[in-house]
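If you read the sequences in order, they're chains R and D.
Every letter in the first sequence is one number past the one before it in the numbering used here, and letter 32, counting from 1, is 32.
Every letter in the second sequence is one number past the one before it in the numbering used here, and letter 215, counting from 1, is 215.
Bear in mind the hints are in silico, worked out from the structure with no lab data behind them.
Ideal placement from N, C-alpha and C gives every residue a C-beta, glycine not left out.
For the chain R half of the interface with chain D, some residues (derived, Cβ under 10 Å), not all of them:
| hint | residue |
| --- | --- |
| 1 | Gly121 |
| 2 | Gly127 |
| 3 | Glu157 |
| 4 | Leu161 |
Across the chosen pairs, the derived CB separations fall in these ranges:
| hint | chain 1 | residue 1 | chain 2 | residue 2 | range |
| --- | --- | --- | --- | --- | --- |
| 5 | D | Ala180 | R | Arg308 | 56 to 66 Å |
| 6 | R | Thr60 | D | Thr314 | 51 to 61 Å |
| 7 | R | Asp138 | D | Ala180 | 46 to 56 Å |
| 8 | R | Thr60 | D | Gly43 | 29 to 39 Å |
The calculated lysine-lysine pairs, modelled on BS3-like cross-linking and capped at a C-alpha distance of 27 Å, are:
| hint | chain 1 | residue 1 | chain 2 | residue 2 |
| --- | --- | --- | --- | --- |
| 9 | D | Lys47 | R | Lys163 |
| 10 | D | Lys42 | R | Lys163 |
| 11 | D | Lys47 | D | Lys5 |
| 12 | D | Lys324 | D | Lys252 |
| 13 | R | Lys90 | R | Lys317 |
| 14 | R | Lys186 | R | Lys258 |
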Amino acid sequence: MPPTITPHQHLELYRSMVLTRAVETAIERSHRAGRISGSFHSSLGQESCAAGVCAALRSTDAVTSNHRGHGHALAKGVTADAVLAELYKKTHGTSGGRGASMHLHDRSVGFYGETAIVGGGIPWAAGVAWAKKRAGTDDIAVSFGGDGAFANGVFGESLRLAKFWEAPCLFVCENNGWAHSMPVEKMFGPPGSITAMVRAMGIQAEHVDGRDVRAVHECASELVQYIRREGRPAFLECVVYRVRAHSINDADYRYRPKDDGRQWLDANDPIEASRRELDRALPGRAAEVDREIDEIVRRAVERAEAGRTPTPADAFKTVYASEGLEWHGSVEVR
Amino acid sequence: MAVLKFAEAIRAALDHEMAEDPSVVLMGEEVGALGGVFTVTKGLIDKYGPERVMDSPIAEGALAGFAAGAATEGMRPVVEIMFSDFVMLAMDQLINFAAKIHYMSNGQFSVPAVVRLPGGAGTNHGPQHSQALESWFAQTPGLVVAMPSTPSDAYWMMRESIRLDDPVMFFENKNLYFTAGEDVDFTEGPRGMRAAVRREGADLTVVSAGRMSGMCLEAAATLEESGYSCEVVDMRYLWPLDLETVAASVKKTSKLAVVYEAVQYGGWGSEIAAWAARELFTDLDGPVHRVGAHRVPIPVGVSLEEAVIPTPATIHASLLELAKF
Numbered sequence: 001m002p003p004t005i006t007p008h009q010h011l012e013l014y015r016s017m018v019l020t021r022a023v024e025t026a027i028e029r030s031h032r033a034g035r036i037s038g039s040f041h042s043s044l045g046q047e048s049c050a051a052g053v054c055a056a057l058r059s060t061d062a063v064t065s066n067h068r069g070h071g072h073a074l075a076k077g078v079t080a081d082a083v084l085a086e087l088y089k090k091t092h093g094t095s096g097g098r099g100a101s102m103h104l105h106d107r108s109v110g111f112y113g114e115t116a117i118v119g120g121g122i123p124w125a126a127g128v129a130w131a132k133k134r135a136g137t138d139d140i141a142v143s144f145g146g147d148g149a150f151a152n153g154v155f156g157e158s159l160r161l162a163k164f165w166e167a168p169c170l171f172v173c174e175n176n177g178w179a180h181s182m183p184v185e186k187m188f189g190p191p192g193s194i195t196a197m198v199r200a201m202g203i204q205a206e207h208v209d210g211r212d213v214r215a216v217h218e219c220a221s222e223l224v225q226y227i228r229r230e231g232r233p234a235f236l237e238c239v240v241y242r243v244r245a246h247s248i249n250d251a252d253y254r255y256r257p258k259d260d261g262r263q264w265l266d267a268n269d270p271i272e273a274s275r276r277e278l279d280r281a282l283p284g285r286a287a288e289v290d291r292e293i294d295e296i297v298r299r300a301v302e303r304a305e306a307g308r309t310p311t312p313a314d315a316f317k318t319v320y321a322s323e324g325l326e327w328h329g330s331v332e333v334r
Numbered sequence: 001m002a003v004l005k006f007a008e009a010i011r012a013a014l015d016h017e018m019a020e021d022p023s024v025v026l027m028g029e030e031v032g033a034l035g036g037v038f039t040v041t042k043g044l045i046d047k048y049g050p051e052r053v054m055d056s057p058i059a060e061g062a063l064a065g066f067a068a069g070a071a072t073e074g075m076r077p078v079v080e081i082m083f084s085d086f087v088m089l090a091m092d093q094l095i096n097f098a099a100k101i102h103y104m105s106n107g108q109f110s111v112p113a114v115v116r117l118p119g120g121a122g123t124n125h126g127p128q129h130s131q132a133l134e135s136w137f138a139q140t141p142g143l144v145v146a147m148p149s150t151p152s153d154a155y156w157m158m159r160e161s162i163r164l165d166d167p168v169m170f171f172e173n174k175n176l177y178f179t180a181g182e183d184v185d186f187t188e189g190p191r192g193m194r195a196a197v198r199r200e201g202a203d204l205t206v207v208s209a210g211r212m213s214g215m216c217l218e219a220a221a222t223l224e225e226s227g228y229s230c231e232v233v234d235m236r237y238l239w240p241l242d243l244e245t246v247a248a249s250v251k252k253t254s255k256l257a258v259v260y261e262a263v264q265y266g267g268w269g270s271e272i273a274a275w276a277a278r279e280l281f282t283d284l285d286g287p288v289h290r291v292g293a294h295r296v297p298i299p300v301g302v303s304l305e306e307a308v309i310p311t312p313a314t315i316h317a318s319l320l321e322l323a324k325f
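Chain R with its partners taken away, still in its complex shape:
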């Protein structure tokens, strides 16, 4: 079925993808310059999945994510300011500068957040979805995970519970070809194999070519409508590619050709595909978006650089939510 979305809708999807590309490129630069440290897992080349799915959601829908979640956060509406500040471990970051790359959370836009344990965010989304339905809304929850997560026991269990208790949850599998050094074809088979497994559980499941953000968006929109209407879970396998190494410190040349990601990107970049299409439909608009995003990200990096670092006392805050549990285990007897 040919895409039916309008060029202006396409431009918004493009904007979302470019924002993630620009933020993650800025993170790479800052990392190499030694301005930030710690873990960083790039979603470069697979921005279409986050952009296409999140554009089908409301701000009151919830998203849980994984360690490769900057794109999910940005596509759901978290600002570049908040993401970059968190990467710089500054107090105006999404988590007050205590979590960095794998711990982005912004409830105000429905980005419930990342979890750094593979598969860990999947049951969270199912529980949130169930609670939202129980509260009488038709809001839904979405969990993003990679193909690696779908080997995890908690994924199968979460599907079982979501089906059994009819949780309106969309389980998104970003099949990017690699679970760290494990090729997905070796683990599961060709694209669509995970979808077939989920279908066999009696759950509505589709797979889509992630190189076309419009196709992702249309497929996600149909599933989201199904979930809202039926109050039941669904599954989407988005076939993308992990262009970068597993993480910024990963020696991926040990398990795949050194230029593997770059070669894929040169031939398949979803952002380039959209730009070519938009340059025909809306001449000059894509370049305009590029400039706007560059400026937004440049300023966000400046503010992150200038931001305040948490004080040691901040490490002891919000361990507990209840009053009176601030004690950390040392009692001196007077």
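Assemble chain D onto chain R, guided by the hints.
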């Protein structure tokens, strides 16, 4: 006021909280139609329906995450893990998610959930159904660890736990479920997560929790026959830990023993012993004694089981030695 056994007291607490707060739901294997393998949730499905008393597939990992996730959205789930040993299947979600999401999100999400954990030896269920795992959880920031020893405490601590905005690991010793009932006052009870002095004494202090509190009372009564007066402190919560009450008791008696069913090595009682060795150094007239389980799996059969975990006799022997010091 009603005379209730331990299991009935927990059921009453669940019932009363569910009646008052529609966000309280029960989830777990066999909690609905069967009413729980230890009858704790018996009859609640008839009163509140399967929408609130939810029989779960055997999927502890996702169940813990699902419940904690629902809690971040404002529900107050009470999850039953049939035997506390099965909590290992849920550990990632409990430790890496439920315990930490409030912290990781800088306070944006909280998990007001209770995980009920029937645990402990004494029922001949063997190594995978008899462990005392509370020390692990007491070590984990973000969790509250409750361990009641009486029906009245079971009732009031469950109500307090459900109302907390943090995840509570609620350890219920299986041996206590059906022992003699006691009057439970539904209108007023202990609040505030403090320890309780179960028996006043002058010569030594023994600190414990859960099923071991009863054993300590038994040992203290036997010790009385030898002329020693033993104070028995029941910690009630292993986190937060009410060390002020322990300090006040030791300042009076000058001797301290800690008794716990968990493995003695590195257990929560060791923490109290180490703390006392420094903070109460000048108050102590003898070494701090520890009586915990040997570091071996829990076998079946009374002769083997009692060789491994504390008993009134081994507790008494330790207390007598300390009293004579």
